[in-house]
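Q: So the protein sequences, as listed, match chains A and B. The first sequence begins at 21 in our numbering and counts up one residue at a time. The second sequence begins at 21 in our numbering and counts up one residue at a time.
In case anyone wonders, no lab produced these hints; they're calculated from the structure. Treat the hints loosely; a few may be bogus.
Identical copies go unnamed one by one, so any copy, or any two together, can satisfy a pair.
What the hints assert, rightly or not - Simulated pairs of lysine to any residue, SDA-like, Cα-Cα distance not exceeding 25 Å:
#: 1; residue 1: 102; residue 2: 163
#: 2; residue 1: 102; residue 2: 126
#: 3; residue 1: 102; residue 2: 191
#: 4; residue 1: 102; residue 2: 113
#: 5; residue 1: 102; residue 2: 161
Protein chains: 2
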Amino acid sequence: MRQRIAIDMDEVTADTLDSYLAIYNADFQAQLSYADLAGQHIADAVPAAHRERVLAYPDDPAFFRALPVMADSQAVIQRLQKHYDVFIATAAMEYPTSFAAKFAWLRQHFPFIAPTNIVFCGDKSILDADYLIDDSARHFARFRGEGLLFSAPHNRDVTGYRRVASWQDVAVLLLPR
Amino acid sequence: MRQRIAIDMDEVTADTLDSYLAIYNADFQAQLSYADLAGQHIADAVPAAHRERVLAYPDDPAFFRALPVMADSQAVIQRLQKHYDVFIATAAMEYPTSFAAKFAWLRQHFPFIAPTNIVFCGDKSILDADYLIDDSARHFARFRGEGLLFSAPHNRDVTGYRRVASWQDVAVLLLPR
Chain A
21 MRQRIAIDMD
31 EVTADTLDSY
41 LAIYNADFQA
51 QLSYADLAGQ
61 HIADAVPAAH
71 RERVLAYPDD
81 PAFFRALPVM
91 ADSQAVIQRL
101 QKHYDVFIAT
111 AAMEYPTSFA
121 AKFAWLRQHF
131 PFIAPTNIVF
141 CGDKSILDAD
151 YLIDDSARHF
161 ARFRGEGLLF
171 SAPHNRDVTG
181 YRRVASWQDV
191 AVLLLPR
Chain B
21 MRQRIAIDMD
31 EVTADTLDSY
41 LAIYNADFQA
51 QLSYADLAGQ
61 HIADAVPAAH
71 RERVLAYPDD
81 PAFFRALPVM
91 ADSQAVIQRL
101 QKHYDVFIAT
111 AAMEYPTSFA
121 AKFAWLRQHF
131 PFIAPTNIVF
141 CGDKSILDAD
151 YLIDDSARHF
161 ARFRGEGLLF
171 SAPHNRDVTG
181 YRRVASWQDV
191 AVLLLPR
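Chain A on its own, in the form it takes in the complex:
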């Protein structure tokens, strides 16, 4: 039986942070950059008065229409599919209005992943997979496979897991030589 890989969407296959920064900088005439976020989420890096507005950005369906694909994710995932069963697992429960928009985004940019292999879940430890590629280590605690931490500014100081800094790193780690 083939091994399974579950892959997160936000900040792993989708460059969600790029969208947040672009909208935030336009919204508040700011110049916030990746470097300003080291060790924290964008909602914690902005002034407290801006926080609620920033957290609401994904409520706008336009957010997902403009969301960029993470570099190399499409090509590497297609190569992974030759060796593994690949699932996308995204935590959409904080934004119930975003389910349909997230699903449409995945179908548009990752048409080679079947709808049956798309999972929306809040607690990813419920996934029966061999690997989970995610930027949030909180999902790894009860996960039965190995969590691979996809580097993002907010997880800079997290230790205890193998780390991948790019999709090229994922290819090196999981594809046969």
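Here the structure of chain A is known, so what remains is to put chain B in place on it, guided by the hints.
A: For chain B alone, coordinates are given in the frame of chain A:
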């Protein structure tokens, strides 16, 4: 660590078939009943010319607002939560427009199940749980735990799994004496 139970929504916690029959009978001035469906899904039991319209019923958000809760499911699930971690797992991928309506229905009728424990997935073999209570045996094939078949007219002739005909049966099977 506590055992986990994953529970389907349609025809297990929600009496989806009751809604289909009510809408269909009003729509086509018909008298279709549970007894007419033995061994098949409603979409296969109606004249071919009606099939597409029947399959589209869940596209209307009103479908979920009127959807009844399966008898005893709320009380038994609350008792199960004292002994198990309970997840709801529903296959919403055929009806992407229904994600938000299904989520709202679950929050309304099962407020004691946390949003983190609600899963939308097409292929339920991805769930890492000890039991899966479902009316569709197709999800059991690669599932690592035990599938418990919740009786519905369409699965009357399915064999090979332990079967529960009601939520009282679930209580007898999974709750301590």
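Q: Does each hint fit the structure? Answer for all of them.
A: Okay, the hints, checked on the actual structure:
1. 102 <-> 163: both (24 Å within a copy, 22 Å between copies)
2. 102 <-> 126: Only inside one copy: residue 102 and residue 126 sit 19 Å apart there, 37 Å across copies, limit 25 Å.
3. 102 <-> 191: within (12 Å within a copy, 43 Å between copies)
4. 102 <-> 113: Close across copies (24 Å), not inside one copy (31 Å); limit 25 Å.
5. 102 <-> 161: between (28 Å within a copy, 22 Å between copies)
When the structure is compared with the earlier hints, no violation turns up for any of them.
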